[in-house]
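Take the given structure of chain A and dock chains B, C and D to it, following the hints.
Residue numbers (this note's numbering), protein chains in the order written: chain A, 85 to 583; chain B, 85 to 583; chain C, 85 to 583; chain D, 85 to 583.
Mixed in with the good hints there might be a few duds.
The list treats identical chains as interchangeable, and a pair is accepted whether it falls inside one copy or across any two copies.
[Said to hold, decoys possible] When the alpha-carbon atoms are kept at most 27 Å apart in a straight line, the in silico DSSO-like pairs for lysine-lysine are as follows:
#1 Lys359 with Lys504
#2 Lys500 with Lys477
#3 Lys500 with Lys361
#4 Lys477 with Lys504
#5 Lys497 with Lys477
#6 Lys477 with Lys395
#7 Lys143 with Lys370
#8 Lys500 with Lys143
#9 Lys449 with Lys500
#10 Lys504 with Lys449
#11 Lys359 with Lys395
#12 Lys449 with Lys238
Treat the hints as calculated values from the structure; they're not laboratory data.
Spelled out from the first residue to the last, the chains are:
Protein chains: 4
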Amino acid sequence: MSIRYVFTSIQLHVQNVEYMFGIVGVPIIEVAMAAQAAGIKYVGMRNEQAVEACRLYSKFSARPSSLEMIPAVVEKAVRSSIYGRPGASYIDIAGDMVNAKIDRANVRFVSCCPPAPVSQADSREITQAVRLLRAAQRPLIIIGKGAAYARAEKEVRELVEVTGIPFLPTPMGKGVLPDDHPNCVAAARSRSLLQADVIVLLGARLNWILHFGFPPRFSPHVKIIQVDLCAEELSNNVRAASALLGDIGAVVRQLLETVRSWRFPSDSQWWLTLKEKMTANAQISKSLALRSTLPMNYYTAFHHISELLPKDCIIVSEGANTMDIGRTMLLNDLPRHRLDAGTFGTMGVGPGFAIAAGVLEQTQKSAQRVVCIEGDSAFGFSGMEVETMCRYKLPIIIIVINNNGIYSGVDPKTWKEMEKMGDMTTIAPPVTLLPEARYEQVMSAFGGRGYLVRTVEELRSSLQESLNNTQMPSLLNVLIDPASDRKQQEFPWLTRSNL
Amino acid sequence: MSIRYVFTSIQLHVQNVEYMFGIVGVPIIEVAMAAQAAGIKYVGMRNEQAVEACRLYSKFSARPSSLEMIPAVVEKAVRSSIYGRPGASYIDIAGDMVNAKIDRANVRFVSCCPPAPVSQADSREITQAVRLLRAAQRPLIIIGKGAAYARAEKEVRELVEVTGIPFLPTPMGKGVLPDDHPNCVAAARSRSLLQADVIVLLGARLNWILHFGFPPRFSPHVKIIQVDLCAEELSNNVRAASALLGDIGAVVRQLLETVRSWRFPSDSQWWLTLKEKMTANAQISKSLALRSTLPMNYYTAFHHISELLPKDCIIVSEGANTMDIGRTMLLNDLPRHRLDAGTFGTMGVGPGFAIAAGVLEQTQKSAQRVVCIEGDSAFGFSGMEVETMCRYKLPIIIIVINNNGIYSGVDPKTWKEMEKMGDMTTIAPPVTLLPEARYEQVMSAFGGRGYLVRTVEELRSSLQESLNNTQMPSLLNVLIDPASDRKQQEFPWLTRSNL
Amino acid sequence: MSIRYVFTSIQLHVQNVEYMFGIVGVPIIEVAMAAQAAGIKYVGMRNEQAVEACRLYSKFSARPSSLEMIPAVVEKAVRSSIYGRPGASYIDIAGDMVNAKIDRANVRFVSCCPPAPVSQADSREITQAVRLLRAAQRPLIIIGKGAAYARAEKEVRELVEVTGIPFLPTPMGKGVLPDDHPNCVAAARSRSLLQADVIVLLGARLNWILHFGFPPRFSPHVKIIQVDLCAEELSNNVRAASALLGDIGAVVRQLLETVRSWRFPSDSQWWLTLKEKMTANAQISKSLALRSTLPMNYYTAFHHISELLPKDCIIVSEGANTMDIGRTMLLNDLPRHRLDAGTFGTMGVGPGFAIAAGVLEQTQKSAQRVVCIEGDSAFGFSGMEVETMCRYKLPIIIIVINNNGIYSGVDPKTWKEMEKMGDMTTIAPPVTLLPEARYEQVMSAFGGRGYLVRTVEELRSSLQESLNNTQMPSLLNVLIDPASDRKQQEFPWLTRSNL
Amino acid sequence: MSIRYVFTSIQLHVQNVEYMFGIVGVPIIEVAMAAQAAGIKYVGMRNEQAVEACRLYSKFSARPSSLEMIPAVVEKAVRSSIYGRPGASYIDIAGDMVNAKIDRANVRFVSCCPPAPVSQADSREITQAVRLLRAAQRPLIIIGKGAAYARAEKEVRELVEVTGIPFLPTPMGKGVLPDDHPNCVAAARSRSLLQADVIVLLGARLNWILHFGFPPRFSPHVKIIQVDLCAEELSNNVRAASALLGDIGAVVRQLLETVRSWRFPSDSQWWLTLKEKMTANAQISKSLALRSTLPMNYYTAFHHISELLPKDCIIVSEGANTMDIGRTMLLNDLPRHRLDAGTFGTMGVGPGFAIAAGVLEQTQKSAQRVVCIEGDSAFGFSGMEVETMCRYKLPIIIIVINNNGIYSGVDPKTWKEMEKMGDMTTIAPPVTLLPEARYEQVMSAFGGRGYLVRTVEELRSSLQESLNNTQMPSLLNVLIDPASDRKQQEFPWLTRSNL
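Okay, chain A solo, but in the shape it has when bound:
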């Protein structure tokens, strides 16, 4: 085994890197073995995306020019990754360093970087923010992933409960406060965004997920109180009426100290409006969820899944409708317990996220379960990773919501008729996949449990069995109506999510 890998691996260990994920091949075998020798856990995966592309999207990238530089470069990579806005780091070690020798005396060893530094907002801006908040007729708090990264759940909960203001989580902000918190107005998302007159953004960005903060999804007169640790993000797309630069937790504490005992009345017109809309939306969802026709629709499937999932499970999700509808139907109770395809909608990340979460849970011997909810098309990107789950006996539960296609598919009968018409490359709609594909057998091929699910009863019993099984992964292949779609949107032309 060559010197440099041992060396790099020891450095990673010094920087508190505990896990390594990769695909072996020459010369990565040596890296993986050196990592294990240095006490780092190694998880062998089945596929990887875009090697060179990593560098382009990394926050920090470097190519050490000598072996001596490796400790310093690794420290910089780890520090850059966790300080400021979090991001990936990329280190490219030249192949020709393999046989280079190193003199320990020339190496400057570097200890692990301290936790990320924390800053707080200017106190005059805090005063201005509280003034705006007190004057609001229809205030709204939006909780973004920045609040989750900042581990600010305690402070955010206190802000919501002290002030009594309604809140809305973004997809990655779900769980900072429980989705079933009485102040959560996710079920009236469109209405709350449209009519709010003062919005507090806690680590949430006004990007496409929030319709850029633009009319007609937002009021043209809305005032934004923006809390973010990244200066360049402040006033992006919409000019902030109050721009609070700093750590989310620290700034929310400042707000709490200033806002004191002020409280937005729970009998206000705003709360009445929102509650009315939430009730109406809940009824529509419920009526969709309780339809007894087969195949099931999205709402029925998610309703029953939701009823059975433990509150502390980690939910991973990707797909188109599957991810969008699942976001509204599956409640999160804890922060940082939800992972999805994110801002860029990259497909194929689900099983990898689930494995990472599963390994962590397994080695920490915690009882939390990892549930990975995949559209059938999304599952095609990285489905072979179920072998990895079986190899490491990770009791991940994969639920494939299978509508025979992307956005929509066709039923088996229609498919057979199309086949008679001639060459399917000219006939099959581009969105269709093979009807009723047996994805559960991809799991059973590697020793996990596979379930074919057509009815509510099958869904509930197979999910319950899977939850009881802590030894191996399971896959539920839930056949739903290929023509099932989500309920009507008020502004469908601008929506890619209904949160």
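Only chains B, C and D this time, still in chain A's reference frame:
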């Protein structure tokens, strides 16, 4: 459907683009539908690699600055791709062109580009090359992929048969002449490279696959006659004694006109040496191939596969040992009937190559079969594409050579013992995969035929059944000895292939 | 004039952009004219560097995909440039937008971004910092360019004067406090860095200019209190004992509130050591400065220049020895009144900086003078810009410190002898330039005043005349000893600057 | 001096690199000294452009990963640069290699690459080309820079003189045949392009310089016979009726062998048309050239310069009108004796080109003179390089055609009036420069001869004096009418050149 896609699609059709492969999603659905409407066949895939990275590795890349430019840009992309050294082209169409209107009067329509132009070598260099050849004591012809791309099989065969010189194909040059041609010395590859005094390179590059042409794999005194269509490639790594710039077919014709009736004697010491080595190597391979112990080794498996495969089948291959040993054991009879992971050893390309070949065979109603031979690790990259094969009923035969790992694995018993020892992320060697994984069930999950193969008899019967089945794909999961490796190399330290 | 330029120009005006610098050519003429029409001042330059390269080094870069996007993109560019760590922005407007029409109704106009938001440090870290400071035996404050950018001169002065700690400016931090402030220990730079036990970094980075904070230039036991607005910069190269994330001014105010009336004793051993060293260094410099031999040396030239320059002048500087020695010899009294080649040592920036400063002074009708001190080699990069100075009648004073080469040159007599020896491309040392080149005539060619300076008297009289001339630029070509070099360094092997 | 530079320098010498141009600085001093020690001539320059950008525009770029690799990388760089289409190569040597040691035994030394290989066209395409040529009513040969690079002047001359076809040079193809050759129809450029029915392109590309080969500048029915060494260039923009891939010289020889004694009649209507147009254009030019009003116009200045320049001088040119008009007025008699800003119109290259040519002439002791004709704006980019010319005593003649601006300027009187109106940054047209700037004094500042030229007599006498002076460079500052422009174009909207 928006104007631009119809427009782009019509242009692709004009440039004789017949097939489109992709993954739908917004806004690719419209592209795919427009392509079908324009008569282009669309094949929906399950995964794709490295979107942005494509641009970096493309020979031509462009971003049309207006809709009017599209026909000209598409023509340039197609022409750049097929003229000179072949390569990929990349066109990036900005999303904001969607709603732009176009005035047909402003568009310059462009017809399909003519076939690639052909050049031939300088006649003085031809004279010099023939002089070298006639003076050779131990001549060798190496046939590279350039000869296959140039469709020069007729000329190359004539050169070999008229001069009686031994030849060696590179991995992608296999089949330009049949591997069982009497002049083929692939079974004495190392010896022939090492001792040749004059080598004719026909579209083959002296890169790592040919050990850069350097000692100790080549004689330091070897004289290279290099034929290539790319000037910059001439004298690369080793200075050519004769550099023949031009189309391989045209240049070989020039050589034939000049060499006339000269013939290298078949009773020469060189032929005796090579034949002796070939016989010895054949015996080693044969003894490995005929071992009756179970699990099988690589040589046994390939020996029987080789006996049953039709001569005209298209062989796709990827993996480490699987690809390397398969290259020597599976004979090619026809040019351009072999596709593998290529110069860069990119994993995951096999199923995609097989689908492309399968669609082509299907629509041309030819009887040629596509056989895709995969290492078990390689299969993990794109294994979900078997659903695509089933969806389009492509009768591709996938043979997974399964040794439970990468380079080598462990048997099920050893694996179970390791599991008892504790956390597998710290114990399992990074090269290991789940032992005896049932890859054939991934195929049967989608309606194809899956076979679990442990014995020679099972291998032969399942392969024969698969060859008889022209309606659906099959997958043979061939369990081999996880400790099986290839036979000893003379220069293992520099080898990644033994051709 | 095409629509887009007017449009872009109006947007720049809305974002409070007041000046545009460029080189006209097709189609930049239209941009420049549109800018003038929109009230932006245009300064035509003579050269520009690295067009494409700009994008690579920019903090923000974008290519608007439609005319409608321009206002939003311009706002993002300006905001990114001034929020967080300052940097350049790059906007690439595609040539084919020229003839595109635009519907005003589709444009979202964007007002100028508010001033950059300000944050302050965590109060526990402040406490820790003050504890460290109070315990210090040999404290030192280093004032970096971050303090200048943050306009924190008032707070920094208060910190220095309340605590009585010695301070050192970095090259770009010079002038935040006056260089002749009693606490400034620049004249004992090496000693103060080496022996300090606690260092407060105010917006200064531990890069090569500060020897990375490493031994042997720093004590291995030094404790760093780091104040910076950029999280990723904290603990870079040396782990901070106290990391204070926030705006320099705001954090220094926090420190002041906590440190209260504590004061580092002026009769401490530390102050005695530093003062002794400063006195010794001052005597060496003075003895060099007062040498009466001709040609002058660097110290003599700078000594007299320094005596005549008004305190409020803006000093621009570039070169090797010229910039390094000038940094120590020319005192700054005001913040943001010094511009030099900076962290990357890019040559050729001096005249451009001087023109920008000169235009600003001219249009603000202030009486401050711009003095540009250039090495003779550095002047060669952009010397033709003196025509621009003359064209706009900017009363910039350029002082070329001319040693006939780079680092060192040869005298005219030696040069002539070398010429007799043969081909100068093989004989002339690569560092030599033409001896006694008459750079002052490059200025007089365009109507400015040029002075050839050989003696102290000529230097003083010509500089005084130039200071009296407020109508036109002047250039002093100061011939110094080509063998002149700076005084001996303690650690020459690691130094590129002696601050 | 460190090992690596000596090493790199020796390798450059082995590859027959004779000259090195650069700007010294750490650590380039060592490179330059090592180069001189290895017998390479070093020329120190005053400015350089776009360091990083070089890599982007290079044909070959590499960063050797070890000292041992340097010889091989240098050989690849040189070979890539001169084989196939010529281009720049870029080698980036990491700074940290400075102190690395090297074991000679590990280095594979590489000898200089052989001359570029030559190919010729397919004989069937030759037949087709000759058939087209013989059938032409209005044939035209366009001679491009490819013919100059290929050193095909002998063959091209024979083709023109045997067939009697009119020809047109592109800017960089000028001189392959003399501009005053009886078959040259440059004076009827627009007419000949527009009406030709068959065009032979000899190493010329249909890019913007040739209006892409599109109507209305070309006949929509024109048939193109294209000769090029780059396959991808064939049929670019216009589909070639005959595409001849190969070395220009070799292919023209093939054409000559096939065309034999066929000759296009000199009394044809085509020749009559062209001669008539040439006579008319010559009269317009002549009347402009002979105008006696002062200041002179472009045509007058170039007319007299043209009369005095020796036939074998090397002409370097850059600027806007200066380069365009100079191209038509200054005749070239020899191939590769003209250098201009080229396809991309990069400004600032003129003095560098002139120095390179001057050094070459000087060391070869040939009597050829280098004349560098610069627009006044263009001169501003690199004007300081006159110091380099003086330092090496290169007898280059610079002629600045000074119209007080870019495209056009204003006279001194108008300028003074504008100055009275207020702030020149808001008043001065962006195209204007300082009127009557004394560029000749920039030359005299360094010891060269400077001439201010206002009249024809001054122009002739100063140019004659400069031609007589072989010891030092000269600069003629030719003041022309700031409102002078070129004569009317037939298709001004598509023209950037009138060749």
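Here's how the hints hold up against the structure:
Taking CA atoms no more than 27 Å apart as the test, Lys359 paired with Lys504 passes in neither setting, with 53 Å inside one copy and 55 Å between copies. Taking the shortest alpha-carbon separations for Lys500 and Lys477, only the inter-copy value of 12 Å comes in at or below 27 Å, while the best intra-copy value is 38 Å. With identical chains, the CA atoms of Lys500 and Lys361 are never at most 27 Å apart, being 44 Å at best within one copy and 57 Å at best between copies. In this assembly of identical chains, the alpha carbons of Lys477 and Lys504 lie at most 27 Å apart only when taken from different copies (12 Å versus 44 Å within one copy).
In this homomeric assembly, Lys497 and Lys477 come within 27 Å of each other (Cα to Cα) only across copies, at 16 Å, whereas the closest approach inside a single copy is 38 Å. For the homomeric pair Lys477 and Lys395, the shortest alpha-carbon distance inside one copy (23 Å) is at most 27 Å, but the shortest distance between copies (44 Å) is not. In this homomeric assembly, Lys143 and Lys370 never come within 27 Å of each other (Cα to Cα): the closest approach is 44 Å inside a single copy and 49 Å across copies. For the homomeric pair Lys500 and Lys143, neither the shortest alpha-carbon distance inside one copy (50 Å) nor that between copies (42 Å) is at most 27 Å.
Taking the shortest alpha-carbon separations for Lys449 and Lys500, only the inter-copy value of 21 Å comes in at or below 27 Å, while the best intra-copy value is 49 Å. For a Cα distance limit of 27 Å, the shortest separation of Lys504 from Lys449 across copies, 16 Å, qualifies, whereas the shortest one inside one copy, 54 Å, does not. Within a single copy, Lys359 and Lys395 get their C-alpha atoms as close as 24 Å, which meets the 27 Å cut-off; across copies the closest is 68 Å, which misses it. Proximity of Lys449 to Lys238 under the C-alpha cut-off of 27 Å is restricted to the intra-copy arrangement: shortest distance 25 Å within a copy versus 56 Å between copies.
Consistency with the previously given hints fails for numbers 1, 3, 7, 8, ordered from lowest to highest.
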